[in-house]
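S.K.: Chain order of the listed sequences is A and B. Our numbering runs 993 ahead of the 1-based position in the first sequence. Our numbering runs 1477 ahead of the 1-based position in the second sequence.
Worth flagging that the hints you see were computed from the coordinates, not collected in a lab. Careful, some of the hints might be misleading.
[Claimed, not checked] Partial list, derived from the structure: chain B residues whose beta carbon lies under 8 Å from chain A:
| # | residue |
| --- | --- |
| 1 | Val-1501 |
| 2 | Pro-1505 |
| 3 | Val-1595 |
| 4 | Glu-1653 |
| 5 | Phe-1662 |
Backbone N, C-alpha and C define an ideal beta-carbon position, used for all residues, glycine too.
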Amino acid sequence: MEDWVVFRTWVGDLTQMIADNTVGKTSLSDYSDGLAIVMTETIMAVTVFATIMGTILALLWIERKFFARIMDRRGATMALRSLWVGEGGEHADWYDDLPFGVGKPIRWLNKLLNEKAGNASEYETVHRTKDRGYHGVWWMLPGMIQNVADGMKFMTKEWMVPAKADKFIFEVAPFIIITSTVMIFAFIPLSSNIYSANPELSLLFMMAIFGIAPFGVFFAGWSSNNKFTLLGGIRSAAQLTAYEIPLLVTVLSLAVLSGSLNIIEIAEFQITSGVWNIFLLPLGAALFMITMVAEVERIPFDMPEAEAELVEGWWTEYGGMRWGLMFASEYLRCYAACLLFAIFFLGGWEMPFGDTITGIIPNQDLILGAIGVGLIGLALGLRSEYPVLLAPIPLVFISMIPPTVWLLFKAWFMFAIFVWIRASLHRVRSDQILEFGWRWLLPLSLVNLAIAFWLRLSIWQGGTWPLLIPGLITAIALILVIILGMDEDKSAMEGRIRPYSVYTESKGPASPRSHDR
Amino acid sequence: MGPQHPMTHGLWTLKVKVDGETVVDTIPDLGYIHRGVEKICEARDFTKITTYCDRLCYASANTWAHSYIYSAEDLLEVEVPARAEHIRVIAIEIQRIASHLMWLGAFCPDIGNLTAFVWCLREREMMMDLLQELGGSRLHYNFPRIGGVKRDLPIGFAMRARNKLNLFLNRVQETEQMLDESTVFLVRTQGVGYAKPEEMVNHGVTGPNVRAGGVNYDVRWAHPYSVYDELDWEVSVERPSIKGADSYDRYRVRVDEMRQSARMCLDALDKMPGGAETHYTEGDPMILTKARERAEEGKTGFHHFEDSRGESMFYLAGGGDQRGKHPYRISIRSPMFLTIPYAAKCMIGHKVADIPAIMGSFDPCIGETDR
């Protein structure tokens, strides 16, 4: 589909007009084009930065709420279940607020699910822990502004430097971390024409920038003059060697597949060729995700800040707004990782399956018309008091959603998965991540690279992908995931993981008073 | 590490000598919250000591109170009615479940998972509610009395307890699924902190820790007091590897023990003399025998008791008329006081990251350790 938000062109035209009508009318008219370019680039950079900074609130909100849901209920399944069972054990009714009676089918589904899988029988005992309702204002996204309050708190706190710290390095380390993190976003496009910089080799540059922050972490850990921070810093540096190489090899496979080292071209390649990379390189997507979790130091791989043994590790001696900014930069790196995953594997800013569908059935209007007619029928049947003509409006809105919004939604979805990982896994040890990185991630990333070469050299003929290949690869990947995810035989599992499990001889069943005899 | 460190689960210091990230030597340093409970109790009536025993361990108050009560009954020679014994078993076992849930909830954040912590505390909340119905307060119940219990089961308690215990039995499966099927959990706990059974016995380690090492010794089973020999349950003993019990074994044995405790409670509710739904008034002979207030001089009371963390014992000496209603001497055997030094030894040779995974798996409770 066409991207109708040609923001860069709009800004370019506007600044050109401004420059022409101001400097262009003076004796400095030679510089009006240059001025327009400077203004355009500045506005674009500010736009991207403001978008990222504004939407990171959503990220933090997901971290709070989704995590809380998983912890509060019985994991993700219970979090889903609470959609129909509702807060406090009563029936949810958020679907009644949706316009045009769209929520009616949800109400029917809800009723059905409540009958089949409701938790009426457990109501009495579980309602106590479930009574943290939103009090009917879910649409206000409660908790969204909490981060602003946290930021204010950090600003009012004192900035202390330990007496025996290496003061210069201690002050410099946060700046290394924060600036390198913000710099990542210079190269992340928000759509094909909303970006702040687009050099030819943006992929390489960005991966290089991504690897700088761990050095800042190491500096911070070393300079704090504290045993825990030192261990944290060393762990961060040691961890770097485990995941950075598989990450780069995985990214290289993307470059091979797309034939470009430019991020925008990698995303555009998925749109023009009609298939997202995740369907071609599911292994690469998994590797990229794992290594990115390690890169942003989130929970299975957060040894540098292990709060149980190294009381927050390298953070320990930092406080005040420097700590707040470093914490924000952690989330910025997370956001960058999610955005990159969306761009590299989920088709970037493309509407899900937008071009694939239109590629199969060329007449796009036909589909839209059919869906519109269907919606009209739905609206007629459900809420006859509403004007029928209003029904297709949501559909029009869907096709008019700017590509940036799709990209952000994909990134948030990825972040929800990050949160899910964090909620369900434990922290591994330093030696274990090294072993995992070298024994599993590196060979698998090489396999992934070979697959990418094979796809590019043997399958790719230009134009679009033959749909059989991605379908086949996706089917194989799904089957593998299901096989690996199946419950294993417990005794076999123990035998495999515990090579020393030589059981002591059982002395027969004990009985009461057996020791008295 | 310590006295204020997340690994300690309390207030003590573990001096760790490291070579890089490998632990070379450890020295535990205890005694930060010594309150002199034994001395305080010498100046209290027998009935008033129960509250101090509650405060020996905040996570397992009821078992400690009962531990004292059984010794005091041995000293004062009281026959406890069968109904009161059943109620006591219910209170103790619910407390044991709550204590083990607290342990699991504290152990999982030690190795990086906060979700299990919240799940465990949520399920512990149900147990706390039940205990609150019995004792009236949420943490320190002061529930048992010498010769019986403070008050009978409230009306409707049996139904609520059955519901909640059955729900708990369902939910503990989910927690188990999350932990046992997570390879990350397995690699963090298996092969970590081997504790040899014979060494544990030599060091005086008892309770779930030693049962994880394959030693089939549970006071409730070997020397049944109360009505444990009439109830339907089994000792949960792990069969560890030849190297000894690792953190995973200690996790398994406690989860299994929670199941057994729930089973025991359900059975005790069924076998309750007088029926679980009836409610006797306070001081009724069905639930409370009138006990003597003074102990003879030179007479001693002693009782083995299976606490949530091991074998706790109280030694009481009666003081005759000189001491009035007070004991002459009271001495407490704390299971964790003997376990912590051994747990510290288990860490040698492991990584710094394993210290919480090992120490947490032994379920330290500093309140009872320092007394």
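S.K.: A separate judgement is required for each hint: does it hold in the structure or not?
M.R.: Results of checking the hints against the structure:
1. Val-1501: Hint on Val-1501 of chain B: violated, closest Cβ of chain A at ~14 Å, above 8 Å.
2. Pro-1505: Violated, because the Cβ-Cβ distance from Pro-1505 of chain B to chain A comes to roughly 16 Å (cut-off 8 Å).
3. Val-1595: With Cβ-Cβ at 4 Å, under 8 Å, it holds.
4. Glu-1653: With a closest approach of 10 Å, the Glu-1653 of chain B hint is violated.
5. Phe-1662: 5 Å, holds
Figure legend: structure checked against the earlier numbered hints; hints not met, in rising order: 1, 2 and 4.
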